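Taking the hints into account, I'd like the entire structure generated from these sequences.
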Amino acid sequence: MGSLKNKHLIGLEHTPAKDIQKLIDTGFTFREVLDRPIKKVPSLTGKNIVNLFFENSTRTRISFELAEKRLSADVTNFSASASSVSKGEGLKDTVQNIHAMKMDCAVMRHPVPGSCLQLSKFVDAVVINAGDGTHEHPTQALLDMMSIKEKFGKLKGLNIAIIGDILHSRVALSNIYGLQKMGAKVTLCGPPHLIPRGIHKLGVSVNSDIDEVIEWADALNVLRIQRERMGVGIIPSVREYRDFFGITQERLDAHKKEIVIMHPGPMNRGVEIDSSVADGDQAIILDQVLNGVAIRMSILYLLLGPDEGEVG
Amino acid sequence: MGKTDNLIILENGVIYDPYKNKKKAGSILIVDGIVKEVGKVTGSDNARKIDCTGKLIVPGLIDIHAHFREPGREDKETLATGAMAAFSGGFTRVCVMPNTNPPLDSPEAIRFIIEKSSGLPVHILPIGSITIGQKGQELSEVGEMVKAGAVAISDDGLPVQNGQVLRNALEYAQKYGIPVINHAEDIHLRNDGVMNESSLSTQLGLPGNPDISESVMVHRDLEIADYTGGKIHIPHVSTKRSVDLIRKYKKIGVNVTAEVTPHHIGLTEDKLTEYDTHTKVAPPLRSELDRKALIKGLIEGSINCIATDHAPHTIEEKEMDFIHSPCGMIGLESAFGLSHTVLTEAGASTEQVVQWFTKGPADIMGWNIIPFQIGEPAEIAIIDSKIRWTFKKSHIQSKSKNSPMIGMKFTGKVDGIISDKNTCGNLLD
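Respectively, the protein sequence lines represent chains G and B.
Quick note, in the working numbering, the first sequence goes up one by one and the last residue is 312.
Quick note, in the working numbering, the second sequence goes up one by one and the last residue is 741.
Honestly, the hints are just simulated from the structure, not real lab data.
Note that this is a predicted model, so its numbers are computed, not measured.
All clues stand as given, with none of them false.
Simulated DEER-style distance windows between Cβ atoms:
(1) ASN6/G x LYS428/B: 45 to 55 angstroms
(2) ASN56/G x GLN476/B: 38 to 48 angstroms
(3) ASP25/G x ALA658/B: 50 to 60 angstroms
(4) HIS500/B x ASN56/G: 25 to 35 angstroms
(5) PRO192/G x ASP504/B: 12 to 22 angstroms
(6) ASN56/G x ARG700/B: 45 to 55 angstroms
For each residue, glycine too, the CB sits at the ideal point set by N, CA and C.
Right, here's the structure in full:
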């Protein structure tokens, strides 16, 4: 332990660039492990990790679980009912239970911003934020950055656009913090009323013209449009969203340029992204999934593993 | 709280009457809780002498906006515990809001408060609801409530969204000479906001409540007040936009008054970075720009008084996460210290601060108060304007302890208070 500045991974806002670099570099080391015939290393043997999911997130949970198991940790899964969260119950009892069970690490997904910070204040265990509402989702941003690095060999100087409903996104903030710390430029593109107030103070540009953004960008990180925002007066229709913000095959073809397409998943094919784009050569969406396991191994290893020594 | 000795002399203080803005050096003799002599005291050898050298002797403070939770949530506060919180903070008169369970929407409910609070060291003056059940639809029996002792009407935290209902209330209430207090908030613009909308809410990932949710409603209410000639009072003003509107409408002679809370002039949204639920309040703590505008508004007279919006909540409720925990903080015990600190730093005098806690609220309610009257029950606070102190949990008399002010350093304090036969404070215990 102690190879990173912070004991927990709550967000990238307070993670220094050199730690982000280290997490990504170590991610590539584990990526090699994942290409081996036997994909398991003994680094976290004897460590107890609990995955606390206060809302559904199949991908993130499976990715963490896989990373934990491949590091030989002992894994416990806990899912809370949506109703207990909606009543505001649970967090304090959770804190006390983790304390009592002497867990080494808690990975938490919770719909309420700030909940991971609160948890980290009251437990001895290392806390990893697997998404706290619309606040941060640092492991997603790290896997996104690792995937960009894999594709381009660098992050510095790249132009990265985040497309979609930034206001309700759980991944936008962490990406903004991380990418800018690593020297990339970030532009946000989406319906203007779904761009959060004062976001420019974080140093990003905002442009609602998707074609201008495509011309500018080296990579597009396409966010999922929540279907529940459609038809309730926030996003007028699928047709209109696709027309003005959709990453369609026609639109990309018209630009005649190399551009990398990312998506944190799960995708609404035919809404924010065309199937042919998602499955095309430019997309690195499945690399993101694989890198997700590697980067989570890296995070767990650097926060919980031995101080020195080689990756098994 | 202790019983007074039969004879008390407050000696060698400066007696300040904020209602007439007059002060003079002197002493006060109180016999069995009744003011007997003011100025020169002929004295009595067996009297208990309280040295008030260097201190200001003022009338008891008034808070026109508190929540004592009785009936219905006596686990948070009762009339008795709320009265003790007020008393220890220097207050002798408190108006309580009608958002109880059931709400104070009938003369019976008003009488319950008045009867239940008789004998407490603080005068508790109930505010009736504008509409039945605070539902914003049908007018309550305003006249009967006023007859029973209600001093104003308000639906408290539930803003009257229907403009016609507010118009009716503003016209009807004129007959009874009471102010209509409307929590100014467009609930659609508030949306699901839990803090001030700003770059900070974006960074914290918390849903924002924009300043326009308040100012849009303030503007509507001022227009209706202008049209009807009704007496509108705007509670807990939190934004610069609202202050600008109030200033403008006061200039054209609209019958508007406004209050500001100690926490909105003393704290900003920057207090929220650790997601401390004690800082969650409605309206939310705003920006530094807003805070400065509120102070300016008080000093220039756009805002008439300070009121606490004392809002007790249980530990269990405040232990919930930031989204789900309820809005509100207690404030009676810290009100004078925090306000005096902030406002004297901004250039106001101690006397002005006292006015914002006495003359300001009394004028809003239309009360004609003549302090220090011989033969009348004492309602007196003793203020040490120089003392530096730290606000601690042990200063809290309220049943609830939900204050983000714990640990803050203040300049100026209510050092003692006498109300009728009750006394409280450093000087008197």
